[in-house]
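Visitor: Construct the entire structure; sequences and hints are all you get.
One gets my numbering by counting positions in the sequence shown from 1 and adding 43 to each.
Derived from the structure by calculation, the hints contain no laboratory data.
Note that beta-carbon positions come from the ideal geometry of N, C-alpha and C, so glycine has one too.
Keep in mind that the hints are not guaranteed to be accurate.
[Unchecked claim] Computed beta-carbon distance windows for the label pairs:
id, residue 1, residue 2, range
1, E65, R218, 42 to 50 Å
2, K307, E280, 21 to 29 Å
3, E65, K196, 20 to 28 Å
4, K332, H169, 15 to 23 Å
5, K194, A115, 43 to 51 Å
6, R218, V78, 31 to 39 Å
7, L278, Q257, 24 to 32 Å
8, R254, R214, 27 to 35 Å
9, D236, I282, 33 to 41 Å
10, V78, I282, 18 to 26 Å
11, A225, Q265, 22 to 30 Å
12, V198, T284, 38 to 46 Å
[Claimed, not checked] Each computed DSS-like pair below joins lysine-lysine, with the alpha-carbon atoms no more than 30 Å apart:
id, residue 1, residue 2
13, K264, K274
14, K74, K310
15, K73, K194
16, K174, K307
17, K307, K332
18, K307, K256
19, K133, K73
20, K74, K194
21, K228, K98
22, K264, K332
23, K224, K310
24, K175, K74
25, K224, K251
26, K274, K174
27, K133, K194
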Amino acid sequence: MKFAAIDIGSNAVRLLLARVIEESDQPLFKKEVLVRMPLRLGDDAFRTGRISDEKAQRLVETMIGFRHLIAAYPALDFAAYATSAMREAKNAPDVVAKVQKSSGIGIEVIDGPREAEVIYANHIEHRLDPKKNYLYVDVGGGSTEVTMIAKGKRVGTSSFPVGTVRMLQGRPGERARESLKAWVKRHRAEYGDMIAIGSGGNINTVHKLARAKQGQSLTYKQLRDLYDMVKAYSLEERIVTLGLRPDRADVIVFAAEVYLSVMKWAKISKIFVPEVGLSDGIVHLLYEKHSRRAVRA
Numbered sequence: 044m045k046f047a048a049i050d051i052g053s054n055a056v057r058l059l060l061a062r063v064i065e066e067s068d069q070p071l072f073k074k075e076v077l078v079r080m081p082l083r084l085g086d087d088a089f090r091t092g093r094i095s096d097e098k099a100q101r102l103v104e105t106m107i108g109f110r111h112l113i114a115a116y117p118a119l120d121f122a123a124y125a126t127s128a129m130r131e132a133k134n135a136p137d138v139v140a141k142v143q144k145s146s147g148i149g150i151e152v153i154d155g156p157r158e159a160e161v162i163y164a165n166h167i168e169h170r171l172d173p174k175k176n177y178l179y180v181d182v183g184g185g186s187t188e189v190t191m192i193a194k195g196k197r198v199g200t201s202s203f204p205v206g207t208v209r210m211l212q213g214r215p216g217e218r219a220r221e222s223l224k225a226w227v228k229r230h231r232a233e234y235g236d237m238i239a240i241g242s243g244g245n246i247n248t249v250h251k252l253a254r255a256k257q258g259q260s261l262t263y264k265q266l267r268d269l270y271d272m273v274k275a276y277s278l279e280e281r282i283v284t285l286g287l288r289p290d291r292a293d294v295i296v297f298a299a300e301v302y303l304s305v306m307k308w309a310k311i312s313k314i315f316v317p318e319v320g321l322s323d324g325i326v327h328l329l330y331e332k333h334s335r336r337a338v339r340a
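Guide: Right under this line is the structure:
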């Protein structure tokens, strides 16, 4: 079965085309195509509270292109979720309607808790030690989602408006940061030692910069050393020397800061990077929906 997932984030818009293979007890999720458009909707939403006409039109053109790719794949089903930038934009309903009319794609603007749930839908717990505790962290352009997993069970999920595009704009959100800190420290006090799980484009890029093998964890010191190294480079050097995309090069240091802060607050010594994100969670949800339909049929 083939599915398509669209993640309309604050920094970029992504289309994931994925195949699900049912040949064992656990289905295999195989990423086949990932298309990323750096629209940075958060530039508008976090500064003015609206999506500009120019950005809205670029989103429309992007979604028209995505619709053709979904049809060419072809996907059995697809879904499009929009996160922090769209949920803060006062004209989001108008933008959603314009996209629907032009491309035929319906966008669901999800709140922070729902975003955290979709990210968790990757079912990363199946790959974890059921005797240990984990803190799942996803740092995006507009928000940070955290999920506490204790002994294989999800025991807490929350979302905070702490994001890299906000920080780039000089809007660090100190109150939101303090709320995130309190949430992390409270769960550390209740559950004790834990391991971090990092998801999303920022930590995936850091993991690649570390030249770590797939499934290999990074220690707090390794992450701190990478942060210091990248921060020492100019924006141009990050693009030319490190090979980062421009829209990643200017926010990656902010993302690393948040991951390091969370690990420090929780007294975590290592972070596991499974290289998944919101779009992967959408694919899992689509597969589960069609599996339930097949059972009822």
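Visitor: Now look at each hint and say whether the structure bears it out.
Guide: Status of the hints after comparison with the structure:
Judged by the Cβ atoms, the range 42 to 50 Å given for E65 and R218 holds: they are separated by roughly 46 Å. Checked against the hint of 21 to 29 Å, the pair K307 and E280 passes, with Cβ atoms roughly 27 Å apart. Taking 20 to 28 Å as the suggested C-beta distance range, the pair E65 and K196 conforms, at roughly 26 Å. At about 19 Å, the CB distance of K332 to H169 agrees with the hint of 15 to 23 Å.
The hint said 43 to 51 Å for the Cβ distance between K194 and A115, and at roughly 44 Å that hint holds. Separation of R218 from V78 is about 36 Å and conforms to the stated range, judged on CB atoms against 31 to 39 Å. Between L278 and Q257 the beta carbons are some 29 Å apart, a value that agrees with the proposed interval 24 to 32 Å. The hinted range of 27 to 35 Å is satisfied by R254 and R214, whose Cβ atoms lie roughly 33 Å apart.
Between D236 and I282 the Cβ separation comes to about 39 Å, which falls inside the hinted range of 33 to 41 Å. Distance hint for V78 and I282: a CB-CB separation of about 20 Å, consistent with the stated range 18 to 26 Å. Our hint of 22 to 30 Å for A225 and Q265 holds, since their Cβ atoms are close to 27 Å apart. About 43 Å separates the C-beta atoms of V198 and T284, a value consistent with the hinted range of 38 to 46 Å.
For the hint linking K264 to K274, the alpha-carbon distance of about 15 Å falls within 30 Å, and the restraint holds. A hinted pair counts as satisfied when its Cα atoms are at most 30 Å apart, and K74 with K310 does not qualify at roughly 33 Å. For the proposed pair K73 and K194, the alpha carbon gap of about 27 Å is at most 30 Å, so the pair holds. A threshold of 30 Å between alpha carbons decides the hint, and for K174 with K307 the separation of about 22 Å falls inside it, so the pair holds.
For the proposed pair K307 and K332, the alpha carbon gap of about 38 Å is over 30 Å, so the pair is violated. At roughly 24 Å between alpha-carbon atoms, K307 and K256 fall within 30 Å of each other, so this suggested pair holds. Of the supplied pair hints, the one linking K133 and K73 is violated, its CA atoms being roughly 37 Å apart against a limit of 30 Å. This hinted pair checks out: K74 and K194 have alpha carbons roughly 28 Å apart, not beyond 30 Å.
With a CA separation close to 38 Å, the supplied pair K228 and K98 exceeds the 30 Å bound. Taking the CA atoms of K264 and K332, the gap is near 41 Å; set against the 30 Å cutoff, the hint is violated. A hinted pair counts as satisfied when its Cα atoms are at most 30 Å apart, and K224 with K310 qualifies at roughly 12 Å. Restraint check for K175 and K74: satisfied, since their Cα atoms lie roughly 28 Å apart, inside the 30 Å limit.
The suggested pairing of K224 with K251 holds, with an alpha-carbon distance near 27 Å, which does not exceed 30 Å. A distance of roughly 37 Å separates the Cα atoms of K274 and K174; the hinted pair therefore is violated under the 30 Å criterion. A hinted pair counts as satisfied when its Cα atoms are at most 30 Å apart, and K133 with K194 does not qualify at roughly 41 Å.
Consistency note: the structure conflicts with the earlier hints numbered 14, 17, 19, 21, 22, 26 and 27.
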